[in-house]
Amino acid sequence: MLLSFILVFYIAVRPFWPLANLKHIDYQEFLRQQSDFRQYKVIDIRDATDYLADPTPDTINISLGRLAFTWEKYLLREDNVIIMSPGVLQSKKAARILRKRGFKCLYVMKYKVDVIS
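For what it's worth, my numbering labels the leading residue of the sequence shown as 1, then goes sequentially.
Check each hint, because a few of them may be wrong.
As the list claims (entries may be wrong) - Below 27 Å or equal to it, Euclidean Cα-Cα: the simulated DSSO-like pairs (lysine-lysine) are:
hint : residue 1 : residue 2
1    : Lys93     : Lys23
2    : Lys110    : Lys100
3    : Lys100    : Lys23
4    : Lys23     : Lys110
These are calculated hints, taken from the structure and not from any lab test.
Whole structure, please, built from the sequences with the hints as guidance.
Here it is in structure tokens:
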């Protein structure tokens, strides 16, 4: 019984744990210094319908559900990757997926809608 409680607690709390060495980038700062970020690949993990309704220039759309299966089409393990996401939990999940695939240099950027409101 205690073991099942611990397991359920772990599953429920894990998405909120911080990820080591995950750097955050402010969207406004990204826009101001966009030329400095040219060597980075920016992936937008929103659903394809959301992305098509409001596309972000110079980004690669890989929805979170497809990321684990299609990342090899667009990314190399050596790439510096910026994850653009509408929420913190989605960006952490994407970072965990890419870390498991061997990515070392990952950044998270909150999607522009939350910043501009």
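Against the structure, the hints:
With a C-alpha separation of about 14 Å, the suggested pairing of Lys93 with Lys23 holds against the 27 Å cut-off. Proposed proximity of Lys110 and Lys100 is supported: the alpha carbons are some 22 Å apart, at most 27 Å. Pair hint Lys100 plus Lys23 holds up; C-alpha atoms about 17 Å apart against a cutoff of 27 Å. Distance restraint check for Lys23 and Lys110: the Cα-Cα separation of roughly 12 Å lies within the 27 Å cut-off, and the hinted pair is therefore satisfied.
Checked against the numbered hints above, the structure violates none of them.
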